[in-house]
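Undergrad: Read off the chains here:
2 protein chains.
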Amino acid sequence: MIPLSEMALRPVGWLAEEGPEADRVLSTRIRLARNLRGVHFVGKALDEDLTRGCQRITDAAVDLPQFAGGGAVLVGELPIVDRQFLLERHLISHDLASDTRARGLVLSPDEGLSIMVNEEDHLRLQAMRGGLRLEEAMAAARELDETLAGRLDYAWTPELGYLTACPTNVGTGMRASVLVHLPALVLTQKIKKILTGVGQVGLTVRGFYGEGSEVVGNFFQLSNQVTLGEDEEETLSKLTRVVRQILDWEEKAQERLMRDAGLQIEDKCLRALGVLRYGRLLSSQELIALLSAVRLGHSLGLRSVPPVAVLNDLLVRGQPAHLQKAVGREMTSEERNEHRARLVQETLRAAEQSKLDAA
Amino acid sequence: MIPLSEMALRPVGWLAEEGPEADRVLSTRIRLARNLRGVHFVGKALDEDLTRGCQRITDAAVDLPQFAGGGAVLVGELPIVDRQFLLERHLISHDLASDTRARGLVLSPDEGLSIMVNEEDHLRLQAMRGGLRLEEAMAAARELDETLAGRLDYAWTPELGYLTACPTNVGTGMRASVLVHLPALVLTQKIKKILTGVGQVGLTVRGFYGEGSEVVGNFFQLSNQVTLGEDEEETLSKLTRVVRQILDWEEKAQERLMRDAGLQIEDKCLRALGVLRYGRLLSSQELIALLSAVRLGHSLGLRSVPPVAVLNDLLVRGQPAHLQKAVGREMTSEERNEHRARLVQETLRAAEQSKLDAA
Chain G
7 MIPLSEMALR
17 PVGWLAEEGP
27 EADRVLSTRI
37 RLARNLRGVH
47 FVGKALDEDL
57 TRGCQRITDA
67 AVDLPQFAGG
77 GAVLVGELPI
87 VDRQFLLERH
97 LISHDLASDT
107 RARGLVLSPD
117 EGLSIMVNEE
127 DHLRLQAMRG
137 GLRLEEAMAA
147 ARELDETLAG
157 RLDYAWTPEL
167 GYLTACPTNV
177 GTGMRASVLV
187 HLPALVLTQK
197 IKKILTGVGQ
207 VGLTVRGFYG
217 EGSEVVGNFF
227 QLSNQVTLGE
237 DEEETLSKLT
247 RVVRQILDWE
257 EKAQERLMRD
267 AGLQIEDKCL
277 RALGVLRYGR
287 LLSSQELIAL
297 LSAVRLGHSL
307 GLRSVPPVAV
317 LNDLLVRGQP
327 AHLQKAVGRE
337 MTSEERNEHR
347 ARLVQETLRA
357 AEQSKLDAA
Chain B
7 MIPLSEMALR
17 PVGWLAEEGP
27 EADRVLSTRI
37 RLARNLRGVH
47 FVGKALDEDL
57 TRGCQRITDA
67 AVDLPQFAGG
77 GAVLVGELPI
87 VDRQFLLERH
97 LISHDLASDT
107 RARGLVLSPD
117 EGLSIMVNEE
127 DHLRLQAMRG
137 GLRLEEAMAA
147 ARELDETLAG
157 RLDYAWTPEL
167 GYLTACPTNV
177 GTGMRASVLV
187 HLPALVLTQK
197 IKKILTGVGQ
207 VGLTVRGFYG
217 EGSEVVGNFF
227 QLSNQVTLGE
237 DEEETLSKLT
247 RVVRQILDWE
257 EKAQERLMRD
267 AGLQIEDKCL
277 RALGVLRYGR
287 LLSSQELIAL
297 LSAVRLGHSL
307 GLRSVPPVAV
317 LNDLLVRGQP
327 AHLQKAVGRE
337 MTSEERNEHR
347 ARLVQETLRA
357 AEQSKLDAA
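These protein sequences, in sequence, are chains G and B. One gets this note's numbering by counting positions in the first sequence from 1 and adding 6 to each. One gets this note's numbering by counting positions in the second sequence from 1 and adding 6 to each.
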């Protein structure tokens with residue numbers, strides 16, 4: 007597999023391409039939970055079962071054309087900072103990152119397609135795209151799923167569908183999620199009511215790093231709750247409808263903000279850019295908050311704001327384990343803050359330069 | 007006289023030239039209080055006396071070579087915004103600005119030499135210089151004083167020296183003051199003790215706009231208290247000694263800050279520059295605070311910080327009446343905040359460009 011220290015230096019492939027609604031939708035993810043028939047679920051399995059299962063799944067996947075140029079890694083054997091790195095890249099979950107047993111990751115070169123092995127389920131197929139691209143991500147996940155179904159024997163029954171470790175995933179085993187940026191709904195304090203409504207139509211809201219994580223930088227992860235009794239198409243079309251509705255509200259809230267307090271909003275967005283360009287120390291939390299403000303400026307069409315792909319890149323590469331992998335050593339929080347500020351400045355300067363070169 | 011709306015568009019002549027210690031000393035001022043013999047002090051005078059006195063003093067001064075290209079103006083007859091403008095330029099006092107009787111100002115073209123007429127005393131001769139230049143300012147004030155003494159009959163007695171409306175000025179009638187920038191002493195919380203000590207050696211501390219004004223932007227005006235029983239040279243040499251001592255403490259405090267928290271300080275200074283360059287709204291108070299932080303950065307030798315003359319210029323032209331005179335109309339506070347931010351950005355961009363051109 008590509009060394010993580012190299013990955014840490016470059017933008018995430020699938021995220022570099024700006025998708026539809028890229029201002030307001032950071033990413034789309036489809037995750038399919040699958041298990042091997044006749045093998046204990048991960049929670050009940052013995053270590054040797056896990057090791058054998060991990061080997062079997064990895065062997066079945068790693069030589070597929072989707073993973074050519076990517077590779078497989080035994081996550082459990084990685085140092086903590088490497089696991090943290092994969093977590094920051096949204097490739098593995100907190101659960102997978104905190105366990106050292108036989109757990110694996112199979113990865114495509116642009117990181118848009120991956121398999122978590124022996125997380126809660128034996129397989130978690132993941133397809134990720136920038137912007138709002140549920141259909142496209144679903145197609146990639148489904149293609150991988152069908153190929154693997156020919157090589158592995160999935161636990162499946164006609165009555166229930168796919169069997170999973172947690173009952174909330176039984177059925178389609180699919181979790182579709184969209185990471186949306188809703189700064190104006192937060193600023194106008196409409197977000198709480200909307201999120202409550204989202205729960206009532208069968209969707210779940212999570213934070214930036216998925217289940218159990220906090221909301222940071224006005225990013226909200228919306229995903230389906232139901233996996234049983236409806237097919238994937240129904241689930242996706244419902245999620246799309248709700249997401250589009252929320253994006254519409256966000257757009258209206260942005261228009262209202264600009265009408266009522268346009269200068270104050272511009273001021274907020276551009277000051278954030280000023281601090282990003284000039285600060286010598288930036289904490290993780292502050293970076294995310296500042297990038298959120300600048301992203302809002304992008305939505306509002308402010309000039310002199312860098313492209314969304316640059317903001318996305320900084321959101322990823324500004325994270326603690328990323329900085330440490332890029333520099334090649336452990337760093338204190340203050341050292342990271344300094345390196346983070348430098349990374350931001352160099353990246354923004356390079357983006358500015360390439361804009362000038364293009365003009 | 008030069009129209010005030012033109013003055014509002016250009017830097018203050020005497021301040022544009024960076025003097026010694028320009029990082030830490032904004033300006034030096036010598037003020038001589040003089041009164042006409044046999045004429046009531048301003049506080050007791052009838053309106054017609056004031057008018058006659060004002061005419062007499064203005065006539066005696068306005069054709070002197072020092073004032074060629076400058077001129078005289080009846081301050082009392084100016085609209086409020088114009089008086090506010092002259093106050094912001096440190097040419098007249100609060101007292102003079104708030105009275106509409108026969109009060110005048112005679113002004114040299116670079117504004118470095120002026121006479122307030124019928125403030126508390128009949129004449130207040132003022133010489134101003136950028137940086138720490140007490141001797142030079144004194145020489146200019148003395149030269150004007152001696153010339154005027156040949157044209158006007160000053161109230162003077164051999165026992166007391168110059169007679170003044172307020173007993174605190176009797177004797178030399180001289181007030182020498184230095185506007186110092188002491189951000190590190192403020193940050194390290196040593197300032198209070200130092201200012202107490204200053205009082206004990208016969209000096210007074212005032213704010214940015216002189217008597218009765220607040221301390222803003224870490225600027226402190228230090229001046230002599232004593233005018234009776236010592237000559238001007240003694241007063242100046244004592245003030246110089248104390249100012250140099252305080253500047254020395256400030257320098258040491260800056261060194262200590264850089265040693266103990268260098269990155270944090272750089273971060274503070276450069277963020278301030280970032281906000282100045284990118285903000286769309288800036289209040290007066292915030293502008294002064296941000297300029298103070300950037301000025302500290304200059305003291306510390308940070309690159310990418312604009313020259314002190316540019317910071318001084320913004321400190322002056324960013325003031326409310328200046329903005330309104332420059333634009334040519336009254337503006338609300340929010341309009342001013344917008345214009346202020348624009349002025350700052352244009353000025354900083356021009357400074358950046360001329361630095362590039364020079365390189």
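What the hints contain is simulated information worked out from the structure, not anything from laboratory work. Glycine included, C-beta positions come from ideal geometry on N, C-alpha and C. A couple of the hints might just be wrong.
[Stated by the list, open to error] Listed next, with one range per pair, are the computed distances between beta-carbon atoms:
{"no.": "1", "chain 1": "B", "residue 1": "365", "chain 2": "G", "residue 2": "310", "range": "21 to 29 Å"}
{"no.": "2", "chain 1": "B", "residue 1": "7", "chain 2": "G", "residue 2": "359", "range": "29 to 37 Å"}
{"no.": "3", "chain 1": "G", "residue 1": "289", "chain 2": "B", "residue 2": "365", "range": "55 to 63 Å"}
{"no.": "4", "chain 1": "G", "residue 1": "194", "chain 2": "B", "residue 2": "222", "range": "33 to 41 Å"}
{"no.": "5", "chain 1": "G", "residue 1": "358", "chain 2": "B", "residue 2": "270", "range": "21 to 29 Å"}
{"no.": "6", "chain 1": "G", "residue 1": "100", "chain 2": "B", "residue 2": "308", "range": "39 to 47 Å"}
Undergrad: Now tell me, hint by hint, if it's right for this structure.
TA: Okay, the hints, checked on the actual structure:
no.: 1; hint: 365(B) / 310(G): 21 to 29 Å; in the structure: 23 Å, holds
no.: 2; hint: 7(B) / 359(G): 29 to 37 Å; in the structure: 49 Å, violated
no.: 3; hint: 289(G) / 365(B): 55 to 63 Å; in the structure: 34 Å, violated
no.: 4; hint: 194(G) / 222(B): 33 to 41 Å; in the structure: 34 Å, holds
no.: 5; hint: 358(G) / 270(B): 21 to 29 Å; in the structure: 26 Å, holds
no.: 6; hint: 100(G) / 308(B): 39 to 47 Å; in the structure: 41 Å, holds
Hints 2, 3, counting from the list given before, are not met by this structure.
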